[in-house]
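Visitor: Given these sequences and hints, build the entire structure.
If you want the building blocks of each chain, they are given just below.
Number of protein chains: 2
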Amino acid sequence: MAAGRLFLSAKNAAALDVELMSSGGFSLDQLMELAGLSCAQAVYKAYPPESKNKVLVIAGPGNNGGDGLVAARHLKLFGYEPTVYYPKRPNKDIYNRLFIQLQNLKVPFTEDFESALTSTDQVLDAIFGFSFHPPIRPPFDSVISVLANCSKPIVSVDLPSSWDVDAGPPAEGQLGHGFVPDVLISLTAPKPAAKFFVGEGKRHFLGGRFISKQVAEKWGFELPQYPGVDQIVELPVEQE
Amino acid sequence: MAAGRLFLSAKNAAALDVELMSSGGFSLDQLMELAGLSCAQAVYKAYPPESKNKVLVIAGPGNNGGDGLVAARHLKLFGYEPTVYYPKRPNKDIYNRLFIQLQNLKVPFTEDFESALTSTDQVLDAIFGFSFHPPIRPPFDSVISVLANCSKPIVSVDLPSSWDVDAGPPAEGQLGHGFVPDVLISLTAPKPAAKFFVGEGKRHFLGGRFISKQVAEKWGFELPQYPGVDQIVELPVEQE
Numbered sequence: 001m002a003a004g005r006l007f008l009s010a011k012n013a014a015a016l017d018v019e020l021m022s023s024g025g026f027s028l029d030q031l032m033e034l035a036g037l038s039c040a041q042a043v044y045k046a047y048p049p050e051s052k053n054k055v056l057v058i059a060g061p062g063n064n065g066g067d068g069l070v071a072a073r074h075l076k077l078f079g080y081e082p083t084v085y086y087p088k089r090p091n092k093d094i095y096n097r098l099f100i101q102l103q104n105l106k107v108p109f110t111e112d113f114e115s116a117l118t119s120t121d122q123v124l125d126a127i128f129g130f131s132f133h134p135p136i137r138p139p140f141d142s143v144i145s146v147l148a149n150c151s152k153p154i155v156s157v158d159l160p161s162s163w164d165v166d167a168g169p170p171a172e173g174q175l176g177h178g179f180v181p182d183v184l185i186s187l188t189a190p191k192p193a194a195k196f197f198v199g200e201g202k203r204h205f206l207g208g209r210f211i212s213k214q215v216a217e218k219w220g221f222e223l224p225q226y227p228g229v230d231q232i233v234e235l236p237v238e239q240e
Numbered sequence: 001m002a003a004g005r006l007f008l009s010a011k012n013a014a015a016l017d018v019e020l021m022s023s024g025g026f027s028l029d030q031l032m033e034l035a036g037l038s039c040a041q042a043v044y045k046a047y048p049p050e051s052k053n054k055v056l057v058i059a060g061p062g063n064n065g066g067d068g069l070v071a072a073r074h075l076k077l078f079g080y081e082p083t084v085y086y087p088k089r090p091n092k093d094i095y096n097r098l099f100i101q102l103q104n105l106k107v108p109f110t111e112d113f114e115s116a117l118t119s120t121d122q123v124l125d126a127i128f129g130f131s132f133h134p135p136i137r138p139p140f141d142s143v144i145s146v147l148a149n150c151s152k153p154i155v156s157v158d159l160p161s162s163w164d165v166d167a168g169p170p171a172e173g174q175l176g177h178g179f180v181p182d183v184l185i186s187l188t189a190p191k192p193a194a195k196f197f198v199g200e201g202k203r204h205f206l207g208g209r210f211i212s213k214q215v216a217e218k219w220g221f222e223l224p225q226y227p228g229v230d231q232i233v234e235l236p237v238e239q240e
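Protein chains in written order, with full-length UniProt numbering: chain A, 1 to 240; chain B, 1 to 240.
With a straight-line cut-off of 20 Å between C-alpha atoms, the simulated SDA-like cross-links for lysine to any residue are:
#1 A:Lys106 / B:Val215
#2 A:Lys52 / B:Gln225
#3 B:Lys76 / A:Glu222
#4 A:Lys76 / B:Pro224
#5 A:Lys45 / B:Tyr226
Which residues of chain B face chain A? A partial, calculated answer using Cβ under 10 Å:
#6 Phe26
#7 Glu33
#8 Asn96
#9 Gly228
#10 Asp230
By construction, these hints were calculated from the structure, which means they are not laboratory data.
Quick reminder that beta carbons are idealized off the backbone N, C-alpha and C, glycines included.
Guide: This is the structure we're talking about:
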């Protein structure tokens, strides 16, 4: 396979998002709904609900956080017990509505990240996505430090939070160094940083089943075959 | 089971829709995306794609038609070959965008309903939903007449088109008399007319997995357990 063929750079991911919502005819509500649903399905595939698994959803201030809020709703409906840590809440209509939807489903929001982490079975990292740029502001700096040293299973949405979209994981001494989730759900297409997501037992899913072959060809990434009605498809992970 | 407990009247279905989009925090885009996805999943469950099954999607002028447009997109992505007959297209932003999404996926639109019907494997009836009131205007009057005498498998979205939401199928001599689809997908909750959807081999699904237990209780319908990550759950059908 030609190096780079499979990956969507930060610049192209942003441009494709703009295209999907202009000439593509999609609304943010639609794309976020399908993205969040695929994240919930990836959690289900990797950690099937045994007895109301607790999932701590960490939602960032942007669209990655929005995907996490949608995923939390579907996880609740799938039989999980999600708790949401959502410390920065921009006053934007779509996030406000996603918040209300979760409140109506009695999904708890917590302000005590560390306690919630202690009692959870899994973590959904929906802090930062493809538009991430350092520095990492509080309280997410300490959240990332804790996650980097945490033994709970972590599922990252689109990118491991703190990783550079194109360059990959932070260097030694930088915040987030050593943070490698157990599961990664790339949305629309894997970003270049996904090349560094390797290791035994790691699982990588692709979600966001709304891309046509023509769009994938135009933007230079491959579109794998999704099985059945699934909104996710599993991708191979190098063993290291 | 108490008679009426399971069904959502036309009046209550309309009121619940208003509630979902006000205090419920949902947008029409979200609800239509999940409803249309569940319709596509019902088609998949009832008629798994063997070799690019052709599905003729008949989309009406309102939100039932919008659900059909969303379903057509997912069916295309699931490996079907949908063709859409959409003769009345109100100039409303959401329908315009759903139309563009299908065009970008190269889903054909036809103006020749009868030819498309002849060559299709299945039909998705997304003409009228719970806000239907007679009379049936052209060209849907002749479409309904043809469907009532058609041997192709038909999947109806929310209600068999021409049926009264509360009273059920049209009486003898009335347009639509004798029209009984093979599969019915009730959205959110079955409507009273679904009581008349009976017979050997008929399949009934419920779709629209966004209702909380509290909402179902408030509006007096039962919420069955959806399996796994499915957006549909199959309901029993009386053999007649």
